[in-house]
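Enquirer: Just add 124 to the spot in the sequence shown (first one is 1) and you have my numbering.
There's no promise every hint is true.
As the list claims (entries may be wrong) - Pairs of lysine-lysine residues, derived as DSS-like cross-links and limited to a Cα-Cα distance of at most 30 Å, are as follows:
1) Lys-243 <-> Lys-255
2) Lys-205 <-> Lys-192
3) Lys-151 <-> Lys-251
4) Lys-251 <-> Lys-236
5) Lys-247 <-> Lys-236
6) Lys-192 <-> Lys-251
7) Lys-130 <-> Lys-151
8) Lys-232 <-> Lys-248
9) Lys-205 <-> Lys-247
10) Lys-239 <-> Lys-255
11) Lys-205 <-> Lys-130
12) Lys-192 <-> Lys-236
Keep in mind the hints are simulated off the structure, nothing from the lab. Quantities reported herein were computed from a predicted structural model and do not represent experimental measurements.
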Amino acid sequence: MAKAEKGAAITRLQSAARLSRTALAAKLLDHGFYAGQDQIMLALAHEDGQTPGQLATRLGVRPPTVTKTINRLQAQAFLEKRASENDARQSHIFLTEAGRDAIRSIEKSVRKTEKQALKGLDKKEQKALAKLLARIESNLAGNSHSEMPEDADDED
125 MAKAEKGAAI
135 TRLQSAARLS
145 RTALAAKLLD
155 HGFYAGQDQI
165 MLALAHEDGQ
175 TPGQLATRLG
185 VRPPTVTKTI
195 NRLQAQAFLE
205 KRASENDARQ
215 SHIFLTEAGR
225 DAIRSIEKSV
235 RKTEKQALKG
245 LDKKEQKALA
255 KLLARIESNL
265 AGNSHSEMPE
275 DADDED
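Using the sequences and the accompanying hints, generate a full structural model.
Expert: Here is the structure:
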């Protein structure tokens with residue numbers, strides 16, 4: 125790989141990620157959601173009643189960030205906190221009826237953003253891209269069983 129091209133893949137990946145977040149944020153704002161709120165809502169749609177700590181772990185963010193976002197979503201009447209039956213110091217977060225209704229809007233925004241991002245790619249290219257991105261995620265997560273590309277040693 126030529127010296128000028130080193131780092132080009134990660135730069136493109138970062139740019140695509142930033143642009144996709146920006147496009148999704150614009151669509152979510154139309155429904156009253158701010159960046160990051162969608163992830164908490166979708167995590168609760170998948171498994172309602174998680175603790176703030178569980179949500180933080182699942183989303184890979186710090187607990188204070190989750191707590192701040194939960195408080196905002198609670199003020200918007202999308203979530204409610206309930207004390208734990210086992211530990212009064214702990215709370216569990218649940219979607220309200222309005223929150224469950226809002227999930228459809230979030231999912232629609234995600235689908236529209238994905239359609240926009242994948243425009244011009246056929247099904248085979250989309251599948252290959254998903255597979256490559258999964259491998260990149262695995263590599264960056266430090267999973268030791270991820271495979272190295274066959275020509276990785278030919279790059280220097």
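Enquirer: For each hint, tell me whether it holds in the structure or not.
Expert: Status of the hints after comparison with the structure:
Under the criterion of a C-alpha separation no larger than 30 Å, the hint pairing Lys-243 with Lys-255 is consistent with the structure, at around 18 Å. For the suggested pair Lys-205 and Lys-192, the alpha carbons sit about 13 Å apart, so the restraint of at most 30 Å is met. For the hint linking Lys-151 to Lys-251, the alpha-carbon distance of about 25 Å falls within 30 Å, and the restraint holds. With a CA separation close to 18 Å, the supplied pair Lys-251 and Lys-236 stays within the 30 Å bound.
This hinted pair checks out: Lys-247 and Lys-236 have alpha carbons roughly 16 Å apart, not beyond 30 Å. Restraint check: the Cα-Cα separation between Lys-192 and Lys-251 comes to about 36 Å, which exceeds 30 Å; the hinted pair is violated. Between Lys-130 and Lys-151 the CA atoms are separated by roughly 34 Å; this puts the pair beyond 30 Å, and the hint is violated. Pair hint Lys-232 plus Lys-248 holds up; C-alpha atoms about 23 Å apart against a cutoff of 30 Å.
Between Lys-205 and Lys-247 the CA atoms are separated by roughly 42 Å; this puts the pair beyond 30 Å, and the hint is violated. For the hint pairing Lys-239 with Lys-255, the CA-to-CA distance comes to about 17 Å; that is within 30 Å, so the pair holds. Restraint check for Lys-205 and Lys-130: not satisfied, since their Cα atoms lie roughly 48 Å apart, outside the 30 Å limit. For the hint linking Lys-192 to Lys-236, the alpha-carbon distance of about 27 Å falls within 30 Å, and the restraint holds.
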